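Protein chains in written order, with the working numbering: chain A, 1 to 66; chain B, 67 to 310.
Hints are computed from structural coordinates only; laboratory data are not their basis. Please read these numbers as outputs of a predicted model, since none were measured by experiment. We put the CB at the ideal spot given by N, CA and C, even for glycine. Accuracy of the hints is not assured; some may be wrong.
With the C-beta cut set under 7 Å, the calculated list includes, among others, these residues of chain B facing chain A [claimed, not checked]:
no.: 1; residue: ILE191
no.: 2; residue: THR228
no.: 3; residue: THR301
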Amino acid sequence: MTNVKIASLDDGGNFRSQSIDQQSIPLLEQQALQAQSANIQGISGASYTSAGFAQSLQAALSHLGL
Amino acid sequence: MGTVVTIDIYTENGRYGSEVTLALARARARLQRADAVFSTWKADSPVSRLRRGEITLADAPPEVADVLDLCAFAGEISGGWFDPWAMPGGVDPTGYVKGWAAQGALAALAIDEISGAMVNAAGDIASFGGSEPGAPFRIGIVDPRLPGQLACVVGLTGAIATSGGYERGAHLIDPHSGRPTTRAASASVCGPDLGLADALATALAVAGHPVLDVIGSLDDYEALIIGVDGRRRWTDGFPFLSPD
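For reference, chain B alone in the conformation it holds in the complex (with noise of 0.2 Å):
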């Protein structure tokens, strides 16, 4: 997908076995699975093939649909602000699909031997446990403004996802008028799934506050924005350590 992934494990006296050797693989083979079926960037996946109608959704690995499903239910979530099928080019479900990936690149992680892990892909989080027993993982908050430096901490339980313009320039597309819109500088979601935080995190840095509201309604999900000039508004239960 044209990025990085990078996996940090926790083990209980920092030396491992060939089990959490074995996890890791399992891991890696799930994330390079992810990017050889859905990546847009390589012309003969089957995701770049259903987008030229090569292919229809039935030719396409099964993994496809559900994900494609998936979409269609964080976008009627996100009160159709999250709209893979109004990307140029055809259905994209890229927004989704890095967050999936890297949950379930997770979820192969998860035995005895690894208290803690982290999949953070390209700025996007999927964990769980922590650096310590009952300690979440502290996780820094790019300033958009300043983007060498951290806008705040928050204690992560789940998933973190933050989408916003700064890094790869104007990319994220206003489902309502099809043109690259952002209505905050950036746009961070916490929640139990990187998938679905992935993809409304997409829908808050476009719509700002509309979507912030959405998600504050949300039992397990919570959000920050801060916008171009700097100003932050959040959900009541955003996980700040500092400062906030």
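In isolation and in its complexed conformation, chain A is listed as follows (with noise of 0.2 Å):
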């Protein structure tokens, strides 16, 4: 089985595909690689406002596709 598909809602209610800052990757690339040892699919936590996503962990797994 494979994840095929992750679609995201935008505060104005449209979709868009992920895009992430630049700046961003490397950490998220560190995080991602915790998520990746822990072998997990989603991540649960304080609800981030849209800003905070691109920093969050999620957006670390979707980022990578992992």
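The task is to assemble the complex, starting from two chains supplied on their own in separate frames and drawing on the hints.
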């Protein structure tokens, strides 16, 4: 079985593909490695805002398609 | 609702056809509808207008009354620690709606071609199935003291909601005092329905131990709190995979 689709809803109600600041990618990769080593498919945590999502572990997972 | 929803679906061979595309479109439409009706960030949404007294409940779309009924039920279960009617600026069902909307979007994904699905609304997840047959999704709970890292991993059956002040600052209101309060750094609730789990996680973050005991007495729901000192308490059946 394979994860085939990731969609997202921004606060304007419009769907868009994931877009993540280039600057946050090294941090995300580091976080995603931890997520990968834990073999997880999702993250639960305190609600993030649209801006906070880019820095979140869930974004790291989604970005790398883990 | 000022945040991001991610949808992950798993299919038999990693491919998908028009049925799956249609189900995803329905899931998105449910989220967009919920956002249009319930957003308190949009000045012209029915709930914003209801809060300002410009319309009555009878004038609002019927799902507003449905959600407020569900909020009242959640409030009763929580012993009054979840109370949308005690929020500043008028009734605010936001603490229930995000989970309710994600659960509704998940329902649209329940078709034969999809063997597992997760709708993750800003850290609150509704799911069915898993990434492999017979294996639940593995979900990391964010460490409230180090939000780039995980506190633990759980095996997810159904829904999980987590509340805490570490992403957006003090925004959780104690319904008894009307003031921002948290008695746990992080509060997670697992159970069949994400709307109720979301409400109970909010109540748990505000109240701490009294609501942990309440959730422990419910058949289908389990909870974990992480204190500001890092100390953890959980209900007997909390689905830890590692480490606990």
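Okay, the hints, checked on the actual structure:
1. ILE191: holds, 5 Å
2. THR228: At about 4 Å, which falls below the 7 Å cut-off, the nearest Cβ of chain A leaves the hint on THR228 of chain B intact, so it holds.
3. THR301: With a closest approach of 16 Å, the THR301 of chain B hint is violated.
In summary, the one numbered hint that this structure violates is 3.
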